[in-house]
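**Q** Letter by letter, the chains look like this.
Protein chains: 8
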Amino acid sequence: MPDDSLPENLADSLADIADLDLDRTRRRGYPEAIYCEGKSPEQVGLIAANMLQHRGITTLFTRASPDHASAVLAHLPDARYSTTARLLAWPPEPPEPTGRPVVVIAAGTSDLPVAREAYLTARYLGRAVELIVDVGVAGLHRILARLETLRRAGVLVVAAGMDGALPSVVAGLVEAPVIALPTSVGYGASFGGLAALLTMLNSCSPGVSVVNIDNGYGAGYLAAQIAAPA
Amino acid sequence: MPDDSLPENLADSLADIADLDLDRTRRRGYPEAIYCEGKSPEQVGLIAANMLQHRGITTLFTRASPDHASAVLAHLPDARYSTTARLLAWPPEPPEPTGRPVVVIAAGTSDLPVAREAYLTARYLGRAVELIVDVGVAGLHRILARLETLRRAGVLVVAAGMDGALPSVVAGLVEAPVIALPTSVGYGASFGGLAALLTMLNSCSPGVSVVNIDNGYGAGYLAAQIAAPA
Amino acid sequence: MPDDSLPENLADSLADIADLDLDRTRRRGYPEAIYCEGKSPEQVGLIAANMLQHRGITTLFTRASPDHASAVLAHLPDARYSTTARLLAWPPEPPEPTGRPVVVIAAGTSDLPVAREAYLTARYLGRAVELIVDVGVAGLHRILARLETLRRAGVLVVAAGMDGALPSVVAGLVEAPVIALPTSVGYGASFGGLAALLTMLNSCSPGVSVVNIDNGYGAGYLAAQIAAPA
Amino acid sequence: MPDDSLPENLADSLADIADLDLDRTRRRGYPEAIYCEGKSPEQVGLIAANMLQHRGITTLFTRASPDHASAVLAHLPDARYSTTARLLAWPPEPPEPTGRPVVVIAAGTSDLPVAREAYLTARYLGRAVELIVDVGVAGLHRILARLETLRRAGVLVVAAGMDGALPSVVAGLVEAPVIALPTSVGYGASFGGLAALLTMLNSCSPGVSVVNIDNGYGAGYLAAQIAAPA
Amino acid sequence: MPDDSLPENLADSLADIADLDLDRTRRRGYPEAIYCEGKSPEQVGLIAANMLQHRGITTLFTRASPDHASAVLAHLPDARYSTTARLLAWPPEPPEPTGRPVVVIAAGTSDLPVAREAYLTARYLGRAVELIVDVGVAGLHRILARLETLRRAGVLVVAAGMDGALPSVVAGLVEAPVIALPTSVGYGASFGGLAALLTMLNSCSPGVSVVNIDNGYGAGYLAAQIAAPA
Amino acid sequence: MPDDSLPENLADSLADIADLDLDRTRRRGYPEAIYCEGKSPEQVGLIAANMLQHRGITTLFTRASPDHASAVLAHLPDARYSTTARLLAWPPEPPEPTGRPVVVIAAGTSDLPVAREAYLTARYLGRAVELIVDVGVAGLHRILARLETLRRAGVLVVAAGMDGALPSVVAGLVEAPVIALPTSVGYGASFGGLAALLTMLNSCSPGVSVVNIDNGYGAGYLAAQIAAPA
Amino acid sequence: MPDDSLPENLADSLADIADLDLDRTRRRGYPEAIYCEGKSPEQVGLIAANMLQHRGITTLFTRASPDHASAVLAHLPDARYSTTARLLAWPPEPPEPTGRPVVVIAAGTSDLPVAREAYLTARYLGRAVELIVDVGVAGLHRILARLETLRRAGVLVVAAGMDGALPSVVAGLVEAPVIALPTSVGYGASFGGLAALLTMLNSCSPGVSVVNIDNGYGAGYLAAQIAAPA
Amino acid sequence: MPDDSLPENLADSLADIADLDLDRTRRRGYPEAIYCEGKSPEQVGLIAANMLQHRGITTLFTRASPDHASAVLAHLPDARYSTTARLLAWPPEPPEPTGRPVVVIAAGTSDLPVAREAYLTARYLGRAVELIVDVGVAGLHRILARLETLRRAGVLVVAAGMDGALPSVVAGLVEAPVIALPTSVGYGASFGGLAALLTMLNSCSPGVSVVNIDNGYGAGYLAAQIAAPA
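Chains as they are written, first to last, in our numbering: chain B, 1 to 230; chain Z, 1 to 230; chain D, 1 to 230; chain C, 1 to 230; chain W, 1 to 230; chain G, 1 to 230; chain F, 1 to 230; chain A, 1 to 230.
No lab work stands behind these hints: they were computed from the structure.
These numbers were taken from a predicted model, which means no experiment stands behind them.
One or more of the hints may lead you astray.
For the chain W half of the interface with chain Z, some residues (derived, Cβ under 8 Å), not all of them [as the list claims (entries may be wrong)]: (1) THR109; (2) SER110; (3) VAL185; (4) TYR187; (5) GLY188; (6) ALA189.
Pairwise CB distance ranges, derived in the manner of DEER restraints [stated by the list, open to error]: (7) PRO77/D <-> GLN53/A: 51 to 59 Å; (8) ASN50/D <-> SER70/A: 29 to 37 Å; (9) GLU175/F <-> GLY56/G: 57 to 65 Å; (10) PRO229/Z <-> ASN50/C: 40 to 48 Å; (11) GLN53/C <-> ASN50/B: 54 to 62 Å.
Where is the CB? At the ideal position from N, CA and C, for every residue including glycine.
With the rest of the complex left out, here is chain B:
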């Protein structure tokens, strides 16, 4: 016997799931974001279907599993899905880039999924973005070879797990602010990204701020804000 028929106001209508703040788009000028983790594919599908009535609004579905993606694509078949970044974007075309360029750096290959989430987020919020991969501090020549690109950026996102040392090094090389993005890459005493997080919070280079572990969306969003046209 179904529970949800019981308490009067618990029916799983969309109104119950989420009071969507569609004005936010207009207020902040950025896409609506749906955090999929902890929502069922059915719930995410309902939200996607509802989006069809709001054609002008770009929507990002973050932390979307393949099941979430199927549910969205059933309603929005032209949405784009990045399996690496676990991100869906609809409509699929990113806006024309404005503002200053964003550079996203992944210290190692394993940091790529989180870095790509930051990349795509900043791109869909309207910035030009460049992605640099596998330039960890164990081989300084690799990051030093990209110095010119680094110094062109209006803001940099630096994703790193394990020792999390790269943002400190990068911040010492550039004048723009650095968003440090700790990842859960590592093992043992990395404690799921805690080690990298602490490293970054204690950076001896000024100009570094930190977002949550694996929070590629947050880093990309912030980068887009900072590099937005004045």
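Position chains Z, D, C, W, G, F and A relative to chain B; hints supplied.
**A** Okay, now just chains Z, D, C, W, G, F and A, sitting in the frame of chain B:
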């Protein structure tokens, strides 16, 4: 060769599983609660069967997986099962509401399962309950729009994961006590709800107390106690 | 018998204490900063004396105790010392403000020292700064009354201890990026600012990044970078 | 040279220190509370002087050191100061008790300061309060001897450090809600009250909620709310 | 191509797996114990086969999964396997009890597996053991009803998860030493048994010592030692 | 104006400080213990004075600072005070030793205060005790040279800070149970004794149990219980 | 619709995956190492295929699952795979041993996988290596019986989980440096190897340094460096 | 009345304080080390006096406060005392350097005391040592300017607090092993050196091992071992 035939007093009779405290109902006036996690479906089924002999006593089976639910429904087919809240109630009719109203708030959609467990618990303990969903502090207008409902409550349960900031905000808006209910919703440095828990313990608003992470049952129970008729 | 005569290259000359990176000023356009904690007043005095030869370069002495201040003022009598912010600035005149305005917010009076360090840092790095005090989330009307000021800012620094909830609320009200600055204000389960730090890292509002606990200098520096003229 | 003459709006006037929310009294019907820790005696004295203009409003100064107390008593000589609870109350007469009785329990003698802060807070918020001391679980006969008093309470505050086991035991003996108040009493693996806090959050008795370590004010406030006349 | 043919001395012979200390039996008078977790069923089977040559020696296989059990039973078909305690004993007959009686207490039903491991270990080390279940502190009458049994014990093992409060209460009721055995039963802020562990380490009752979380074997071993005939 | 005249039942009479459980002596046959930390010298002095009326009862004052000691000696001038162990005993003569011998081991000289507290406690509870100092695992020959003494013991207390490795080694050498006593000796990642505590809880030798960090009293008490005559 | 066709520079070409630092071999004289965890088998296969063009360079694939191994063996069929150590080596022949001998010790059988990773790494970096297993501190005679081997070593790697006490004991017996290698073997308060890690960091024997939990590759690499010919 | 006359074997003779292992010098060829923290100046003075009878043996007194130093100098007036490193050496002349050179690096000026302790330890154990100061990763040009010195070293000690990133960078630049030495320099989320410790344990550069926070003695000792003549 079966182990349990060995030591004399280990047979898995009901007496061995649990010394059911059926007097508690009379003593405190509330349903008997069976915490299912860590019990096998067979054990839970045995307890359910035993309940048939205690018709007058309402029983809640908390943290009940679908397998637990099947085992209960085999013996108590009219029990109600909320898959979201993982709660079974038998008999299925909640009592007539008495006392002051309880308001249960879920900061985000992902906090709904825990909030619903609190909702149902308070309801089966005899209170009128109202549930408000998706009113996180990132969009204050949503919670401010419900101010009238909030201020009607005799007690409020506020479930939130991630930054866990909502209880502090709500407590500043009402005169009734607030039960802060941290959830394990989040990732990275949320550490399974620890971040939200610490936020709530450090609330700068007086009138806030905290229960364990994801402890919807405890929050609902306490709310029912506080809002009980004098 | 003095130890330091022993190993050949350990004499406490300035060269041994710090390889001052005076080019940084030219490279990044910002003042030289001397972190005083862990240095003796004598060492800090030596550095101050050395600064006389670099008249054009603004210097900030951060985390300066009264003893550090005396040592600096002995050599640079016109330096300005904020006892609250534990900051010395020399020369004392801040530059003409350029770029977008910075708003620094202290949730409570006890967060003021850290907030003032951020204020002065951003000011000496060349921004116009406004300071708002005692607008914690326990009384939302106080922060809502300052909405116009908040929305004028190019970037906001929000200092809070205890529950650390204010940055999430502020970020939901503005379009500019928010630098969350956790303070060690609190007791018990605030664990020296850890609770506020975790709250901020888990902010449910996008557009929030975090610096180290009590790192007013870092927050002010970053704010000045973000709000710098393009 | 004074810093505070420098930045235009930083003068230490009262307006800068705290935007006192004197309406809260009328809004919630409770005394205004000033948290003294982290404020200088001078700042606290300024606030006390200002109170003279608000004769009708009861004020509690919490976490007041002897120096804070002297600063307050200089302006409000008839204020009452409890050195144990580090609390000042002005005017000194508590209101007539209304609502249901509150029982405050201190597991050991060392928990008395925190328990007394809870006692006085609940008393000045208008409840009748009874205090029970030294009834830890190592000697159950002591708490069982007070059973009648415990069961008379509309709400109980149970302060305990070390193993923090007393609230679980008390909650199993009464029908009223229990506010568990962990204290920093203990050593070694008590980690400043963390052990007691965790014990209480994991209480196997329903009807227990928890406040921050050593937060006697918060526990007393909440108790007064819960036991307030309907 | 097999790795293990490569380095000369890595062949997975029994000699490589474990330098079995069969003299320990004679030295300490207790069974040989094989910790199965982290060993493959094949490795455990090899050890079991080897035991056939040491008929006089009792062997306990602890933390044995069903796969481990099958591997042992293939060689020692008369071994006894307790699925609850994950323990195999061979030969299956426990020794005649000597020394003082041991009482093992499980606070809740979910603590039973760990308690049973302690029970069986103490029994196979030669003590008479009694097991008491579901006597948590939320209903004191249940433990008080067993007072006579408790006071007969030469040593008590008290297994509890969640708040871990039971050992403190028991130790206050008896004269014999109490071995506190924290279990990983719980959720949220129980942190896998850490909360119960800390509670027990901070017990306000003297006469309590603690073993590792879920270490039923260690608790039973220690109990047998303490209650051994002089 | 004195606070304590205010609330009716808060006068600092002895009755308020502690409900002394003087029957415990008869019940368990051990001295009464007064934990001084967190009590004022005045309070401890009051308790000491009260003891004069209970001549037959041995009393231990633990964690007694020199100020506590002076307050006790003012009333009980023949009490013995160990500054190292911070322990006062009255009357000063320990009882005739009975039961089996206790051996207390201090891994290093810095562990001596805690070890001596255990030594004196066990001695005043009626056991013969031997103390061995500075036999850490860095020089195994030192502990091996005491093997005969170790094996004579009915129970051993092993106090160690830093790596806390000694109890594991000792337990592998003897047949009697080992009480592991972690101390806060160490620095850096010893985290006030946490490292030693964890080492001991994870001992790979069976027969080890653990008490709280620096809990010499608890270790000595437990040792006396275990080694008591049957 | 494929995401990766979208952003211009995200194609999963090898260049995107990893900027392989093939010069490192020449620079440091050691094999190239590929950390497989977090890379897909496809990515690892691509790297393996690429290695065919660099015949002279030895490559180690660490933390290789069976799926990773299959992907490598498809391209490099003569590579050697150790399932225990999760390590692939190509070409399969280790170099002629030079320098001083390395001794790798596994405290228990469960520590063998990590120890074997250290063994193979040091062997492929050019050292002679000897492996000793199951010599934990609970039976000192086992390690003492290997004293001659221990003292022959130029450097020792000591892998241990649980209490992590073995490196302290070994370092007290030899003159060569000891690399302590904590493993995640254990349960409960071992916290995934944290207990062993802390034990080793706090070793009371000088001459001990520590690598990350389960970091067999790092320990073997370092051992090879230390024991390299001068 | 003195306690220490009571228990027979507790007199504070030297034999009681420490079983000095004077053979260690001959066994390992290194100075005897006395760890002063936790010993009284009197105890340290006694040990110093005793050293006069062992003229041939070099002794290091580590973690020596000025009071410890005075006590030593009273007996050994020609001992050398480094106030920075808190180290006394007697006799004062270090041995002729042998083996390969050691390089000790301090990331910042505040790391100098710990680095100097490592420097002096390695020097008195017989190595040539070079010290480099203030070369943190925020200004890479500073460390890169010392590349030639770094690459000459047989082993490097890298002391760093805050983000602890320098050892990873250095290890990527050299072929010799790197001993990472975390310091407690920092504030907020550095947690007394924990952040730097975790960074170093998670170094993405192979060839890095770690010692305890602030353990300059251990780092210097290990460096001397590694760089010792074969």
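**Q** Provide an ascending list of the numbers of those earlier hints which the structure does not satisfy.
**A** Structure breaks no hint.
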